[in-house]
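Produce the entire structure from the sequences given, and follow the hints as far as they go.
So the sequences go chain by chain: A and B. Residue numbering for the first sequence follows our numbering, starting at 344 and increasing by one per position. Residue numbering for the second sequence follows our numbering, starting at 344 and increasing by one per position.
Keep in mind that the hints were calculated from the coordinates and are not lab data. There could be a bad hint or two in this list.
Derived pair list, reagent style BS3-like, types lysine-lysine, alpha-carbon separation capped at 30 Å [unchecked claim]:
#1 LYS495/A x LYS436/B
#2 LYS405/A x LYS405/B
#3 LYS405/B x LYS542/A
#4 LYS520/B x LYS520/A
#5 LYS414/B x LYS439/B
#6 LYS374/A x LYS547/A
Protein chains: 2
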Amino acid sequence: MMEMSNELNERAIGVFDSGVGGLTVLAELQKYLPNESFLYLGDTARVPYGSRSPETIIRYSKRVAGHLVRKKIKALVIACNTATTYAYEELRKSCKPFNIEVFGVIEPGAKSALAKTRNNHIAVLGTEGTIKGKKYNEILHRLSAQIQIQEKACPLFVPLIEEGWHHTEVAEIIAEKYLHDIQEVDTVILGCTHYPLLKRLLQKIRPNMTFIDSAESTARFIRASLTEKNLLSTTSEAKTSYLVTDNLERFERVGYYFLNHPPHPLELIDIQDSDELA
Amino acid sequence: MMEMSNELNERAIGVFDSGVGGLTVLAELQKYLPNESFLYLGDTARVPYGSRSPETIIRYSKRVAGHLVRKKIKALVIACNTATTYAYEELRKSCKPFNIEVFGVIEPGAKSALAKTRNNHIAVLGTEGTIKGKKYNEILHRLSAQIQIQEKACPLFVPLIEEGWHHTEVAEIIAEKYLHDIQEVDTVILGCTHYPLLKRLLQKIRPNMTFIDSAESTARFIRASLTEKNLLSTTSEAKTSYLVTDNLERFERVGYYFLNHPPHPLELIDIQDSDELA
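In structure tokens form, the structure reads like this:
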């Protein structure tokens with residue numbers, strides 16, 4: 344079997360995030376692409392990206408991508424909304440010479456939201472960086488002329504989830520506060536890969552709104568694209584491994600909330616300034 | 344005047360933290376040492392240190408120290424409990440060849456708490472890293488044989504303060520949750536340089552306890568030490584400047600909560616792997 348398959352098809356798909364958040368995307372990818380191997384990289388020595396400047400996010404993303412490209416991946420998934428906002432175009436350019444497809448999480452989420460909304464009022468929740476970058480805004484307006492958009496940065500959601508408090512009363516009060524002005528919309532994009540863990544709670548607070556988790560739409564989009572490009576694995580020897588740049592123990596502990604199993608095998612790696620892609 | 348003074352005495356005191364938290368220490372230093380100049384460095388490209396591994400905290404601290412040492416400082420204040428926990432000894436060693444005194448925030452805070460407690464029950468609140476490092480524990484036990492210590496990591500306090508929510512009901516609920524088991528102690532060490540902003544709220548929840556803000560005791564300790572070593576400035580041309588490694592705008596905005604004035608003059612600098620002190 345192996346001899347028949349194309350070497351390129353059997354390469355892993357690289358998936359990266361600043362930390363654990365991208366695991367929501369990884370889980371959907373595993374569901375939609377059960378024959379594929381994944382190499383997940385959480386840049387935990389530099390997490391979070393969500394409150395950093397565009398320049399720093401681009402620099403960190405290019406270092407991570409450089410590391411993954413050297414591992415011979417066939418595609419790169421930016422499983423982080425903030426990194427997609429600022430580094431998607433740069434990474435596409437940098438990965439082109441290596442023939443590596445680059446996918447972000449924003450366009451698929453935006454398209455799902457447009458397919459759902461009935462009143463053309465959409466809200467986007469995200470980190471400070473994602474909201475300030477206005478990428479959802481730009482894409483939604485490009486795809487639909489009459490859409491109205493409300494955006495809200497929710498910086499406490501990530502630490503709340505990482506503390507494991509996303510089912511508590513505290514989470515409910517904080518969510519009520521952030522959603523206070525979100526009233527007229529019928530569709531809300533969870534514009535941060537951590538937020539799916541709050542979906543049930545948010546749904547309870549705003550039962551009339553649809554919450555869009557971009558992980559699933561991203562996975563569907565990637566499956567379609569790899570299929571079209573004939574890049575799917577032809578064997579079923581799928582495996583996933585995890586790399587982090589710091590604090591294995593914390594990644595294991597918090598990663599469990601996201602996967603319901605430990606992220607194994609897990610390896611600590613070092614990423615240097617010099618890993619940056621040209 | 345300037346001609347009379349010793350060049351070394353007129354050098355600035357370097358103060359560093361991963362971000363804004365150390366500004367509580369800086370403010371006390373300015374109060375206790377009004378003739379001194381300060382160079383504050385917030386390593387905002389790598390903030391927060393509190394959830395990172397010891398190795399990474401040491402590495403980042405040594406890069407920051409390397410940068411400040413090249414700026415010709417006369418003393419270095421580690422205005423961060425997590426960096427003091429893991430990097431104090433290393434930085435002392437690395438700074439010795441440059442004749443630069445290194446100060447941390449833990450020992451002064453521990454001594455203040457020991458001076459206050461009547462029932463010999465002390466609690467320490469801090470980041471994950473600080474609590475796990477058990478430095479307060481070690482120092483308190485070294486200084487007093489019969490002390491009992493309770494430790495509690497409070498990872499949501501920092502993002503809560505940085506969101507500007509430290510006076511809200513949310514802060515109160517979160518604080519109640521963290522303080523739930525803190526009952527028998529009479530003295531609580533605020534083992535993170537952000538936490539003084541929560542002092543009034545914590546005091547309200549536990550009116551019978553004394554909350555120790557290590558910023559003030561650190562400033563008093565440093566004044567005594569510089570006086571003893573004849574290192575005080577002899578002019579009154581004090582000035583403070585601020586350096587950050589990322590996101591000027593955010594540092595200005597959040598820094599305001601800490602200083603009640605904008606942190607100016609403020610400059611964006613780049614710190615590289617190669618800045619690391621030997």
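Here's how the hints hold up against the structure:
no., hint, in the structure
1, LYS495/A x LYS436/B, "violated (47 Å)"
2, LYS405/A x LYS405/B, "holds (24 Å)"
3, LYS405/B x LYS542/A, "violated (41 Å)"
4, LYS520/B x LYS520/A, "holds (19 Å)"
5, LYS414/B x LYS439/B, "holds (16 Å)"
6, LYS374/A x LYS547/A, "holds (26 Å)"
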